[in-house]
Amino acid sequence: MRFWTIFVIIFSLGALSIYGMVTNGSNPENMVIGQWNEVKWEYELYDRVESKTDGKSKIIPEDLKPYVGGDLKIHEAEMWKFEPNGKLTLTDRNGNKLKQLKWAFKGRGNVLYLKYDDNSIESYIVTTINQDKLVLNIDLHIGAKGLAKLTFEKF
Amino acid sequence: MLRKYSNSRSLNDNLKLGSLSAFSAGMVNVASLIIFFGFSSNVTGHYAILAEEISLGNWNQVAVVFSWIFLFFFGNFVSNLIIINFNKKYTYVAHATPIVLEILCLLVVGIYGQFYYTETLFETEVLLGLMLFAMGLQNGLTASISNFAVKTTHLTGATTDLGILFSMFTKKKYREHPELLGKAKLIGTIAISYLSGAVVSGLLYKSMQFKVFYVVSAFLVIIISYDWYKISLLNYLKTNRQVEAKSKYRELEIFPKAKRENEGSLAS
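Residue numbers (our numbering), protein chains in the order written: chain V, 3 to 157; chain R, 1186 to 1453.
Bear in mind the hints are in silico, worked out from the structure with no lab data behind them.
Incorrect hints may have been included.
To be verified - Here are the simulated DSBU-like cross-link-like pairs (lysine-lysine), alpha carbons at most 30 Å apart as the crow flies:
no. : chain 1 : residue 1 : chain 2 : residue 2
1   : V       : K42       : V       : K101
2   : R       : K1396     : V       : K117
3   : V       : K42       : V       : K151
4   : R       : K1274     : R       : K1391
5   : R       : K1391     : V       : K117
6   : R       : K1391     : V       : K89
7   : V       : K117      : V       : K89
8   : R       : K1391     : V       : K104
9   : V       : K99       : V       : K156
10  : R       : K1431     : R       : K1201
11  : R       : K1396     : V       : K104
12  : R       : K1415     : R       : K1433
13  : V       : K89       : R       : K1396
14  : V       : K101      : R       : K1391
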């Protein structure tokens, strides 16, 4: 009897989780739709080591480049507009369109994946996402949060 | 590879099964990591993530990660259920069925990915779940039929065993122990095969994308066909021997009788 109870509990939890996954309510894909205002760039390791950045500079310091990798494109945009059709438009503060790329969430919704027209790819770990705030860390594919952190607020 | 069960398996059987299935598991894991940013052949990391998500109260992500762990568990469950129910009557079929199911899962991922995948999170989560189920099927099969000697989808236990064995080999009496040497050879082969599969997958993905799952399926077909071929060959040889024995028996029984009849008619 006890055995079957454990059996039923495990399988019910499994079935419930699968149901939860399929009917995922607060999906990050829905939450990210809209316009986000870039408010802060931070270089975590660099800040810890030398405290040279003011939290606004978008220039990657030379000594951090080997860690970040050559492929990373630093966005000059101030506004990120996520559209439901998978398009991401980067604009400056005056609304001038700078770039258009494709976006998708990967993993369990913890990775934001950006694809450029030339097929180059960039990925960020989603540290925080809610109605007001979006925090992204550069994904270095080493299971650790990246060195650079981008913070956005909903526009 | 698949015909024999538990203690009747030789080291050679386990080496063949271990190397081929570890190679395919390595391929699947790296492909899923590149495409979906999630591991599909090991669940230790998922347990850690599950704990993190529970502590953060992200219940949607808890549901997703628990589903993945459950699907891996369920794959092992289904695999062993098939084996323990059909092993005695239809050994080969019982051992091949989990691999057939695994091939089907991987083909679904490959075909869907190639023709229909629109990169939504829902698709990513479901396809990753399907791959975890497939890896559970494979791991359940190899562990079950080899008496838990062969586990090919993750290397934590294997690396632990290898570390222990290597420390044992510092003593001469263990270095000369054939069973321990065989175990080290098996685990080493599995680790190298897994790594090779992972590297090959990473290289192939650049040009093949989702088609890489067809290559993995082809490897799994080799595992099934190898034993099917052997069984067919053995059956052929067995039938041949029976035919030969029967014809010899006939020669002894019938031919002398015919010879006698012939001699009788000549005499008359």
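Here is how each hint holds up against the structure:
Among the hinted pairs, V/K42 with V/K101 is consistent with the structure: their alpha-carbon atoms are about 20 Å apart, no more than 30 Å. The straight-line distance between the Cα atoms of R/K1396 and V/K117 is roughly 20 Å, inside the 30 Å bound, and the hint therefore holds. For the proposed pair V/K42 and V/K151, the alpha carbon gap of about 8 Å is at most 30 Å, so the pair holds. Our distance criterion of 30 Å between C-alpha atoms is broken by R/K1274 and R/K1391, whose separation comes to about 45 Å.
Pair hint R/K1391 plus V/K117 holds up; C-alpha atoms about 15 Å apart against a cutoff of 30 Å. Note on R/K1391 and V/K89: the hinted pairing holds, with a Cα-Cα distance of about 24 Å set against a maximum of 30 Å. For a cut-off of 30 Å, the pair hint linking V/K117 to V/K89 stands: about 10 Å separates their Cα positions. About 19 Å separates the Cα atoms of R/K1391 and V/K104, which keeps this hinted pair within 30 Å; it holds.
Of the pairs offered as hints, the one joining V/K99 and V/K156 holds, with about 18 Å between alpha carbons and a cut-off of 30 Å not exceeded. For the hint linking R/K1431 to R/K1201, the alpha-carbon distance of about 37 Å lies beyond 30 Å, and the restraint is violated. Distance check on the hinted pair: R/K1396 and V/K104 sit about 22 Å apart at the alpha-carbon level, within 30 Å; holds. With a C-alpha separation of about 26 Å, the suggested pairing of R/K1415 with R/K1433 holds against the 30 Å cut-off.
For the given pair, V/K89 sits about 26 Å from R/K1396 by alpha-carbon distance, which is consistent with the 30 Å threshold. For the hint pairing V/K101 with R/K1391, the CA-to-CA distance comes to about 25 Å; that is within 30 Å, so the pair holds.
Going through the hint list in order, the structure does not satisfy hints 4 and 10.
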